[in-house]
Amino acid sequence: MNLVLAGMNHRTAPVEVRERMHVGESCLTQALKDLALHDGILEGMIVSTCNRVEVVANADDKDDAATAIRQFLSGYHRCDLRDYESYFYWHRQQDAVRHLFRVASSLDSMILGEPQILGQMKQAFAAARAAGTLNGTLQEVIHHALAVGRRVRRETALGTAAVSVPYAAVELAKKIFGHLTGKTIFVIGAGKMSELATKHLISSGAAAILVANRTHQRAVELAQAFRGTAIQFDQILQYLDQADIIISSTGAPHFIITKEWAGRMIAARRNRPMFFVDIGVPRDIDPLINEMDNAFVYDIDDLQGVVDANIKQREREAAWAEQIVEQEVQRLMRHLASREVAPTIMALEEKLNRIREGEMERFQGRLSSLNPQQREAVEALTRGILNKILHGPITELKSGAGSPEHGALVQVIRKVFRVGD
Amino acid sequence: MLEVGVYTALLWSAVACYGLGFVLVLPSVRRRRPRLSPWSLGALGLGLLLHAAALAVNTAQTGRLQLTDVRSALSLFVFTVTAAFFLVYLRYPITSLGIFMLPFVFILGLISAFHPPPALAAGSFRGGWLLVHIASMMLGYTGLFLTSVGAIMYLIQESELKSKKPRAFYYRLPSLEVCDELYYRSLVFGLVFLSLGILTGVVWASRTWSGPWQLDPKIVASLVTWILYLTLFSTRLSGAGRRRRAAYLAIFGFAAVMVTFLGISFVSSQHGFFPKLGSNP
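So the sequence lines, in the order shown, correspond to chains A and B. Okay, so the first sequence: first residue is 13 according to our numbering, each after it adds one. Okay, so the second sequence: first residue is 1109 according to our numbering, each after it adds one.
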């Protein structure tokens, strides 16, 4: 196995450079076939997203895959790769495996724990399989990378807590109401964040949507988009008690919802909880409402505080995820190494055994005077010598797996014992 | 007696498993895992099986369900609470549920295991009514314990949400809705069985005891507890103003239950778990 990976991500290269190196989805198959045509390249895969470009190849043991990859990139993008050299990182063998595992687990992503990368890698995997450029060890490595990504997702909370303001609002709503099915949302004022939060809430099961905006036309548009009802702006307070979750972002200079009115509404709702999300600046909702029973008011700073706390949590989880990744890297490398040495070990055992049997044959005449027990003892003796001689080489072959000198060691042993090739 | 030895050994093993199960819950809570580890559940399950075996052995040994001494009663209570933990966890897989319930299980289990076996089988304590009474009271107490657990979780989660700064428990507790549901459902469950228990107890006592058994401290305490929880019946945790009061009542109420259960056992002459018999017919 001779794995080489060349790549760039949001940390090593600005967006213009990443754009330049991007391989579009429609061009992927051709690019992969191109890559495989280069000397010594046995397998290849390309992952190209808005935040990274990764080219990984498995080459013949003797060849330098890096040169082939460079040639491919220069040729494909019709550029002089030296201009872009500083933006690339290179990984080989175990480091390449580790990098792939980390990427799949979203540990290398701009936002730790983001869910898209796994799907993107799956797509790249499928494309390479379809193009016929994944049919050996590299395929196995990628297959494991995807499994590790799933394992990290399952066993850590890396991707769970919300790290954007709209998602944080949804997370809080779930902490208050449990499930959101059947809950009513009142959107006051249109805005990017309100719309995002509302979309998320709807996909989590919220049913009825009420929309109000100073420009009623806009409210009607939004209501249509959300399949809800538009409310006249001056009638907001009348409908407020129907809402479980209120998202307000008008930025009006005074409070739209006062403490007094909130108190009346909560009583009218027989004390079912109410969640106020106030994204407006200046604030639309009197923050003192938070002190009332069954009312929760979060303004934009509060939501950002939740996001910050969640990011810290993700970083803690990342430490666990790195442990899992490292564990899996070691496991795979040991497995691959033992697979590689298995034929060598077998060939070694076979060869020495043949020598032993040959010699036994040659000395048959001189041993004929021995009785069966003694002959058995001689057989055992020769086998014993063999095993003790083999013990050293076999132990060395099995251990040291994954280390860069290991390949050389295998070659040396094969040469010294005149095995194979 | 060999049988006593087996029972004690099984009980100790069960308690040890409970302790182990509790310890194994801690990493899952600390790491904010969405589920408890199968090891902790396995240890608790094993403990439950051993405990069931202990109860079975005890029954076989004495020829009838042994429920009237402190150790047996406590032991049975620990059993029902642990079984309840599993049932609740099945419905609400809350990792931190273990933190709230298992220390209680373990400590009570220790007390019951440490407690000396009864000197003699209490003669006056027989009868079908008695069995139903004790079983109902056990289930009733278990329900009310769960009510307190739900109330505590609700209060903690609510305070974290109000503070708007997610701290340790925010991530580990379920939604307010779930806490409230647990609180309310276990309240209903507990009250139903407590009512049944008091009723059957009254029936049995009127048949078995002469004298003013109505004034026995344990019975009085049970009635007070019953009335207390009945007042909570009409409120949910998210009800107006009464919510916080309800939660504190539930928690205080359970402390009262424990006093009733443990403390008065040592005091009451007729209703005690000591085989100190009052005036017998």
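In case anyone wonders, no lab produced these hints; they're calculated from the structure. Treat the hints loosely; a few may be bogus.
Restricting the straight-line Cα-Cα distance to at most 30 Å, the calculated cross-link-like pairs of lysine-lysine (BS3-like) are [to be verified]:
| # | chain 1 | residue 1 | chain 2 | residue 2 |
| --- | --- | --- | --- | --- |
| 1 | B | 1270 | A | 204 |
| 2 | A | 363 | A | 400 |
| 3 | A | 400 | A | 324 |
| 4 | A | 324 | A | 410 |
| 5 | B | 1273 | A | 324 |
| 6 | A | 400 | A | 410 |
| 7 | A | 211 | A | 134 |
| 8 | A | 271 | B | 1326 |
| 9 | B | 1273 | A | 204 |
| 10 | A | 324 | A | 363 |
| 11 | A | 363 | B | 1270 |
| 12 | B | 1273 | A | 410 |
| 13 | A | 324 | A | 186 |
| 14 | A | 45 | B | 1272 |
| 15 | A | 204 | A | 400 |
| 16 | A | 427 | A | 410 |
| 17 | A | 211 | B | 1272 |
| 18 | A | 204 | B | 1272 |
| 19 | B | 1326 | A | 211 |
| 20 | A | 427 | A | 363 |
| 21 | A | 134 | A | 324 |
| 22 | B | 1273 | A | 400 |
| 23 | A | 186 | A | 211 |
| 24 | B | 1326 | A | 324 |
| 25 | B | 1270 | A | 211 |
| 26 | B | 1273 | A | 271 |
| 27 | A | 204 | A | 186 |
| 28 | A | 363 | A | 211 |
| 29 | B | 1326 | A | 186 |
| 30 | A | 271 | A | 211 |
| 31 | A | 271 | A | 324 |
Derived DEER-like restraints, expressed as beta-carbon distance ranges [claimed, not checked]:
| # | chain 1 | residue 1 | chain 2 | residue 2 | range |
| --- | --- | --- | --- | --- | --- |
| 32 | A | 107 | B | 1161 | 50 to 56 Å |
| 33 | B | 1139 | A | 226 | 34 to 40 Å |
| 34 | B | 1147 | A | 159 | 39 to 45 Å |
| 35 | A | 316 | B | 1161 | 32 to 38 Å |
| 36 | B | 1296 | A | 194 | 53 to 59 Å |
| 37 | A | 237 | B | 1138 | 41 to 47 Å |
| 38 | B | 1367 | A | 293 | 50 to 56 Å |
| 39 | A | 351 | B | 1147 | 28 to 34 Å |
| 40 | B | 1131 | A | 144 | 15 to 21 Å |
Glycine residues also receive a C-beta, built at the ideal position from the N, C-alpha and C atoms.
Status of the hints after comparison with the structure:
A hinted pair counts as satisfied when its Cα atoms are at most 30 Å apart, and residue 1270/B with residue 204/A qualifies at roughly 26 Å. Between residue 363/A and residue 400/A the alpha-carbon distance is near 15 Å, which keeps this suggested pair within the 30 Å criterion. Proximity of residue 400/A to residue 324/A is assessed by CA-CA distance (about 55 Å); at most 30 Å being required, the pair is judged violated. Proposed proximity of residue 324/A and residue 410/A is contradicted: the alpha carbons are some 41 Å apart, above 30 Å.
With a C-alpha separation of about 13 Å, the suggested pair residue 1273/B and residue 324/A falls inside the 30 Å cut-off, and the hint holds. Of the pairs offered as hints, the one joining residue 400/A and residue 410/A holds, with about 16 Å between alpha carbons and a cut-off of 30 Å not exceeded. Restraint check for residue 211/A and residue 134/A: the C-alpha separation of about 26 Å stays at or below 30 Å, so the hint holds. For the given pair, residue 271/A sits about 48 Å from residue 1326/B by alpha-carbon distance, which is inconsistent with the 30 Å threshold.
Simply put, residue 1273/B and residue 204/A have alpha-carbon atoms about 25 Å apart, close enough for the 30 Å limit, and the pair holds. Between residue 324/A and residue 363/A the CA atoms are separated by roughly 59 Å; this puts the pair beyond 30 Å, and the hint is violated. With a CA separation close to 76 Å, the supplied pair residue 363/A and residue 1270/B exceeds the 30 Å bound. Proximity of residue 1273/B to residue 410/A is assessed by CA-CA distance (about 53 Å); at most 30 Å being required, the pair is judged violated.
Distance restraint check for residue 324/A and residue 186/A: the Cα-Cα separation of roughly 20 Å lies within the 30 Å cut-off, and the hinted pair is therefore satisfied. Using a Cα cut-off of 30 Å, the hinted pair residue 45/A and residue 1272/B is violated, with the two alpha carbons roughly 54 Å apart. As the CA atoms of residue 204/A and residue 400/A are separated by approximately 74 Å, the hinted pair breaks the 30 Å bound. Restraint check for residue 427/A and residue 410/A: the C-alpha separation of about 17 Å stays at or below 30 Å, so the hint holds.
In summary, the hint linking residue 211/A to residue 1272/B is supported, as the alpha carbons are separated by about 23 Å, within the 30 Å threshold. For the hint pairing residue 204/A with residue 1272/B, the CA-to-CA distance comes to about 23 Å; that is within 30 Å, so the pair holds. Note on residue 1326/B and residue 211/A: the hinted pairing is violated, with a Cα-Cα distance of about 57 Å set against a maximum of 30 Å. Between residue 427/A and residue 363/A the CA atoms are separated by roughly 13 Å; this keeps the pair inside 30 Å, and the hint holds.
As the CA atoms of residue 134/A and residue 324/A are separated by approximately 28 Å, the hinted pair is consistent with the 30 Å bound. The straight-line distance between the Cα atoms of residue 1273/B and residue 400/A is roughly 66 Å, outside the 30 Å bound, and the hint therefore fails. A threshold of 30 Å between alpha carbons decides the hint, and for residue 186/A with residue 211/A the separation of about 14 Å falls inside it, so the pair holds. Only pairs whose Cα atoms come within 30 Å are accepted, and residue 1326/B paired with residue 324/A is rejected, the gap being roughly 52 Å.
A C-alpha spacing of about 25 Å is found between residue 1270/B and residue 211/A, which places the hinted pair at or below 30 Å, so the restraint holds. As the CA atoms of residue 1273/B and residue 271/A are separated by approximately 22 Å, the hinted pair is consistent with the 30 Å bound. Proposed proximity of residue 204/A and residue 186/A is supported: the alpha carbons are some 21 Å apart, at most 30 Å. Between residue 363/A and residue 211/A the alpha-carbon distance is near 69 Å, which puts this suggested pair outside the 30 Å criterion.
For the hint linking residue 1326/B to residue 186/A, the alpha-carbon distance of about 43 Å lies beyond 30 Å, and the restraint is violated. For a cut-off of 30 Å, the pair hint linking residue 271/A to residue 211/A stands: about 28 Å separates their Cα positions. Taking the CA atoms of residue 271/A and residue 324/A, the gap is about 34 Å. The hint is violated against a cut of 30 Å. For residue 107/A and residue 1161/B, the hinted distance range of 50 to 56 Å is satisfied, since their beta carbons lie about 55 Å from each other.
With their beta carbons about 48 Å apart, residue 1139/B and residue 226/A fall outside the hinted range of 34 to 40 Å. For residue 1147/B paired with residue 159/A, a C-beta distance near 23 Å fails the hint of 39 to 45 Å. For residue 316/A and residue 1161/B, the hinted distance range of 32 to 38 Å is not satisfied, since their beta carbons lie about 55 Å from each other. Checked against the hint of 53 to 59 Å, the pair residue 1296/B and residue 194/A fails, with Cβ atoms roughly 23 Å apart.
As the Cβ distance of residue 237/A to residue 1138/B is approximately 43 Å, the hint placing it in 41 to 47 Å holds. Between residue 1367/B and residue 293/A the CB atoms are about 54 Å apart, so this pair conforms to the stated range of 50 to 56 Å. Roughly 32 Å separates the CB atoms of residue 351/A and residue 1147/B, a value that falls within the hinted 28 to 34 Å. Our hint of 15 to 21 Å for residue 1131/B and residue 144/A is violated, since their Cβ atoms are close to 53 Å apart.
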